[in-house]
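S.K.: Letter by letter, the chains look like this.
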Amino acid sequence: MLFLNKDNFQRDVFLGLLAWLILIIFYFIFPDPGIHDIIQKVFILGLFAMSLNILIGYLGLIAFGHAAFFASGAYTLGLFLQSDFVLNLASFSIPVAMLLAVLVSSILAALIGVICIRLKDIYFSFLTLAFQMLIYSIILALVNITGGDQGLMGGFPKPPFLGIDLGKPFDFYAFTIFISIITIVLLRQIIESPFGYGLRMIRDNSERPAALGFSNQKHKLIAFIIAGSIAGLAGSLQALLDVGAYPEWAFWSKSAEPLFMILLGGMHSFLGPLMGALIFEILNDFVTANTRYYGLVLGLVILCFVLGLKKGLLDWILIKFNRK
Amino acid sequence: MEIFALFDCIMSPACLLSQAAGGLKIGMLLFLVASGLTLVFGVLGVINFAHGALYMLGAYFSWQIMSITGHFGLSVILGALGVGIFGLLFERILISRVYNAELLVQILLCYSVVLILDDLVMIIWGDEFLSSVGVPEVFQVPPLFIFDAIIPPFHLAIIAMSFIVGLILWFIMTKTRFGRLVRAAAVNPKMLEALGININLLRAGVFMLGSFLAGLGGALAASVGSVVSGMGNSIIIESFIVTVIGGMGSISGAFLASLIIGMARSFGAVAMPLFTDGLMFLIMVLVLVLRPQGLMGNKK
Numbered sequence: 006m007l008f009l010n011k012d013n014f015q016r017d018v019f020l021g022l023l024a025w026l027i028l029i030i031f032y033f034i035f036p037d038p039g040i041h042d043i044i045q046k047v048f049i050l051g052l053f054a055m056s057l058n059i060l061i062g063y064l065g066l067i068a069f070g071h072a073a074f075f076a077s078g079a080y081t082l083g084l085f086l087q088s089d090f091v092l093n094l095a096s097f098s099i100p101v102a103m104l105l106a107v108l109v110s111s112i113l114a115a116l117i118g119v120i121c122i123r124l125k126d127i128y129f130s131f132l133t134l135a136f137q138m139l140i141y142s143i144i145l146a147l148v149n150i151t152g153g154d155q156g157l158m159g160g161f162p163k164p165p166f167l168g169i170d171l172g173k174p175f176d177f178y179a180f181t182i183f184i185s186i187i188t189i190v191l192l193r194q195i196i197e198s199p200f201g202y203g204l205r206m207i208r209d210n211s212e213r214p215a216a217l218g219f220s221n222q223k224h225k226l227i228a229f230i231i232a233g234s235i236a237g238l239a240g241s242l243q244a245l246l247d248v249g250a251y252p253e254w255a256f257w258s259k260s261a262e263p264l265f266m267i268l269l270g271g272m273h274s275f276l277g278p279l280m281g282a283l284i285f286e287i288l289n290d291f292v293t294a295n296t297r298y299y300g301l302v303l304g305l306v307i308l309c310f311v312l313g314l315k316k317g318l319l320d321w322i323l324i325k326f327n328r329k
Numbered sequence: 450m451e452i453f454a455l456f457d458c459i460m461s462p463a464c465l466l467s468q469a470a471g472g473l474k475i476g477m478l479l480f481l482v483a484s485g486l487t488l489v490f491g492v493l494g495v496i497n498f499a500h501g502a503l504y505m506l507g508a509y510f511s512w513q514i515m516s517i518t519g520h521f522g523l524s525v526i527l528g529a530l531g532v533g534i535f536g537l538l539f540e541r542i543l544i545s546r547v548y549n550a551e552l553l554v555q556i557l558l559c560y561s562v563v564l565i566l567d568d569l570v571m572i573i574w575g576d577e578f579l580s581s582v583g584v585p586e587v588f589q590v591p592p593l594f595i596f597d598a599i600i601p602p603f604h605l606a607i608i609a610m611s612f613i614v615g616l617i618l619w620f621i622m623t624k625t626r627f628g629r630l631v632r633a634a635a636v637n638p639k640m641l642e643a644l645g646i647n648i649n650l651l652r653a654g655v656f657m658l659g660s661f662l663a664g665l666g667g668a669l670a671a672s673v674g675s676v677v678s679g680m681g682n683s684i685i686i687e688s689f690i691v692t693v694i695g696g697m698g699s700i701s702g703a704f705l706a707s708l709i710i711g712m713a714r715s716f717g718a719v720a721m722p723l724f725t726d727g728l729m730f731l732i733m734v735l736v737l738v739l740r741p742q743g744l745m746g747n748k749k
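Note that the protein sequences, when read in sequence, are chains A and G. In the working numbering, each residue's number is its place in the first sequence (first place is 1) plus 5. In the working numbering, each residue's number is its place in the second sequence (first place is 1) plus 449.
Treat the hints with care, as some may be off.
[Unchecked claim] Residues from chain A that keep clear of chain G, each with C-beta distances beyond 12 Å, as calculated:
(1) ILE27
(2) ILE30
(3) TYR32
(4) PHE33
(5) PRO38
(6) GLY156
(7) ILE169
(8) ASP170
(9) ILE184
(10) LEU191
(11) PRO214
(12) ALA215
(13) ILE322
(14) LEU323
[Stated by the list, open to error] Okay, the calculated beta carbon distance ranges per label pair:
(15) G:ILE617 / A:VAL248: 40 to 48 Å
(16) A:LYS223 / G:ILE646: 23 to 31 Å
(17) A:ALA294 / G:ILE452: 29 to 37 Å
(18) A:PHE90 / G:ARG546: 50 to 58 Å
(19) A:ARG297 / G:PHE620: 40 to 48 Å
(20) A:LYS223 / G:PHE578: 50 to 58 Å
(21) G:ALA463 / A:LEU104: 49 to 57 Å
(22) G:VAL636 / A:ASP209: 26 to 34 Å
(23) G:PHE594 / A:PHE90: 56 to 64 Å
(24) G:GLU577 / A:ASP209: 36 to 44 Å
(25) G:PHE453 / A:LYS223: 40 to 48 Å
(26) A:LYS315 / G:PHE627: 33 to 41 Å
(27) G:ALA463 / A:LYS223: 52 to 60 Å
(28) A:ASN149 / G:ASN637: 49 to 57 Å
Source of the hints: derived by calculation from the structure; they are not laboratory data. Heads up, the beta-carbon is just placed ideally off N, CA and C, and yes, glycines get one too.
Go ahead and model the full structure; you've got the sequences and the hints to work with.
M.R.: Right under this line is the structure:
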């Protein structure tokens with residue numbers, strides 16, 4: 006297997022399960038629903054940011070339309086669970102809906118990616134932005150299907166499966182974190198595989214891999230599809246959490262959020278974007294509790310990171326730690 | 450899609466003319482803002498994501514000056530100048546630090562300024578919509594009827610003003626020493642520096658000019674629409690579209706692209722009211738796929 010030939014797979018699985026168990030215990034030590042909500046969101050948005058970092062951190066492509074896939078995952082899941090398929094599938098509805106959300110997002114990423122990867126630098130960024138806004142416009146225009154600017158209204162059922170009832174807060178918490186951790190472990194395998202190192206090589210010097218007989222375009226496209234699929238998964242989890250889907254999730258400012266997280270956490274360490282999501286969410290929670298001017302504070306924090314630290318927090322910590 | 454509505458409109462002189470005039474107004478206002486963005490990109494190589502926030506600032510400044518002095522012309526000119534000075538400080542204090550930084554760093558720096566300014570104007574002017582500055586008294590006359598098309602005279606004035614500003618810009622860029630230096634700086638800044646030109650001053654001047662144009666667009670927009678925090682967030686995306694379609698760094702390209710987008714918006718509103726924005730992005734995608742350097746841009 007191209008993706009699974011790193012011998013520390015078992016170690017990662019072990020660490021992942023350990024983290025999951027710790028967070029489960031955490032749930033009972035701190036029974037505050039506000040804290041549970043933050044942790045869930047950190048994982049959902051962390052997945053979103055980590056998926057974007059495949060392109061930004063490992064491939065050096067500044068994709069500015071990544072929320073398109075987040076939204077496609079959310080809308081696919083929502084529309085499927087609102088449809089009559091739920092009556093027939095009953096308890097399998099949610100796993101099928103999530104698989105479908107990932108599948109649709111990966112197909113969309115393949116279609117958009119195959120066109121975008123032909124361009125470089127700022128032109129790539131602009132084309133991803135244009136596609137995202139095109140999808141946003143389509144969501145707004147198809148009022149009969151998507152509910153237009155109101156979003157997917159009326160909610161949808163969440164039938165229990167395998168004894169998991171996502172209507173219950175604990176089940177949702179454990180399920181979301183479990184799915185996220187599995188995805189992160191798999192992503193780690195991809196990033197540490199020869200394929201992953203191929204991406205870094207393209208980022209650092211695009212001519213060398215081409216001279217070595219590498220297909221740069223194929224690598225870029227596969228990375229784009231993987232990134233889109235994981236963003237779709239994150240979107241489907243967000244839709245399950247909010248029992249709906251909203252057009253703002255496809256607006257360009259939604260694509261800026263994972264960029265902030267990547268900046269805050271660090272783009273050169275694997276878990277950097279996840280840490281960025283943690284900082285982002287804690288900041289969000291803390292600031293909105295104290296002032297209405299969230300943008301002002303977030304803007305100042307970003308300014309400090311851009312001009313002061315010049316790298317994400319985890320990147321900075323790892324560099325400090327390695328120096329000792 | 451109501452393609453027949455579009456057909457009917459094109460066949461009726463009244464509808465055709467009023468839509469064309471509307472499109473021209475949208476396009477020319479957009480050109481004011483987008484020309485500043487493309488100028489800054491062409492010379493400084495920075496995608497100024499905060500350009501829309503400068504536009505918003507122009508609207509607030511002119512609203513404030515209008516409420517103090519009550520003089521329309523003064524409010525527009527001083528509002529735009531104020532944004533120019535703000536832009537100068539912004540370039541010296543922040544932008545000048547990231548000229549050699551990665552694209553992501555530049556985007557995030559500018560975006561953080563957008564977040565800060567959006568909240569600052571709410572702190573200063575409150576988060577309610579401010580009602581528009583209003584049309585000056587000279588133009589408070591019944592609309593013109595040309596072939597039964599209803600055309601407000603003030604819209605014609607906006608079109609004329611934007612056109613004149615475009616001409617002045619063209620004159621500055623092609624006929625003056627400053628313009629020649631600016632164009633030279635876009636091609637080879639190091640050489641210019643070696644020849645003894647103060648490149649920092651030149652960059653600051655260009656950024657100030659770009660900010661002035663954004664402020665001017667905002668000040669004029671304040672006279673026809675309400676003023677609100679975040680009003681720059683849609684104009685910035687439209688300016689990006691214009692910049693990309695016209696060719697990044699090309700002012701004549703921005704002019705052509707602004708006209709295309711203005712018409713697409715105006716006639717798109719007749720043909721497919723729900724998909725007018727989508728139409729713009731479709732054009733942007735097509736241009737990027739078929740001719741990434743833009744209609745008037747140079748192939749690199």
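S.K.: Would you mind marking each hint as holding or not holding in the structure?
M.R.: Outcome of the hint check:
1. ILE27: At roughly 32 Å from the nearest Cβ of chain G, ILE27 (chain A) sits farther out than 12 Å, so the non-interface label holds.
2. ILE30: For ILE30 (chain A), whose nearest Cβ neighbour in chain G is about 36 Å away, the distance exceeds 12 Å, so it holds.
3. TYR32: Fine: 33 Å to the nearest Cβ keeps TYR32 (chain A) off the interface.
4. PHE33: The claim stands: PHE33 (chain A) keeps its Cβ more than 12 Å from every Cβ of chain G (closest is about 37 Å).
5. PRO38: 28 Å, holds
6. GLY156: Check passes; 16 Å lies beyond 12 Å.
7. ILE169: Per Cβ check, ILE169 (chain A) is outside 12 Å of chain G; nearest 39 Å; holds.
8. ASP170: ASP170 (chain A) is indeed farther than 12 Å from all Cβ atoms of chain G, at 38 Å.
9. ILE184: The claim holds: ILE184 (chain A) sits with its nearest Cβ about 29 Å from chain G, beyond 12 Å.
10. LEU191: 26 Å, holds
11. PRO214: 21 Å, holds
12. ALA215: Holds, since 19 Å exceeds 12 Å.
13. ILE322: It holds; ILE322 (chain A) is separated from chain G by about 20 Å at its closest Cβ, greater than 12 Å.
14. LEU323: 19 Å, holds
15. G:ILE617 / A:VAL248: 40 to 48 Å: Because 55 Å falls outside the window, the suggested range is violated.
16. A:LYS223 / G:ILE646: 23 to 31 Å: Between LYS223 (chain A) and ILE646 (chain G), where Cβ atoms are some 46 Å apart, the hint is violated.
17. A:ALA294 / G:ILE452: 29 to 37 Å: 51 Å, violated
18. A:PHE90 / G:ARG546: 50 to 58 Å: Since the Cβ atoms of PHE90 (chain A) and ARG546 (chain G) sit about 54 Å apart, the hinted range of 50 to 58 Å holds.
19. A:ARG297 / G:PHE620: 40 to 48 Å: 46 Å Cβ-Cβ, so the 40 to 48 Å window holds.
20. A:LYS223 / G:PHE578: 50 to 58 Å: 51 Å, holds
21. G:ALA463 / A:LEU104: 49 to 57 Å: Since ALA463 (chain G) and LEU104 (chain A) have Cβ atoms about 55 Å apart, the given range 49 to 57 Å holds.
22. G:VAL636 / A:ASP209: 26 to 34 Å: Check passed, 28 Å falls within 26 to 34 Å.
23. G:PHE594 / A:PHE90: 56 to 64 Å: Holds, at about 57 Å.
24. G:GLU577 / A:ASP209: 36 to 44 Å: 51 Å, violated
25. G:PHE453 / A:LYS223: 40 to 48 Å: 46 Å, holds
26. A:LYS315 / G:PHE627: 33 to 41 Å: Since LYS315 (chain A) and PHE627 (chain G) have Cβ atoms about 34 Å apart, the given range 33 to 41 Å holds.
27. G:ALA463 / A:LYS223: 52 to 60 Å: 56 Å, holds
28. A:ASN149 / G:ASN637: 49 to 57 Å: 55 Å, holds
Violated hints, listed in ascending order, are 15, 16, 17, 24; each of the other numbered hints is respected by the structure.
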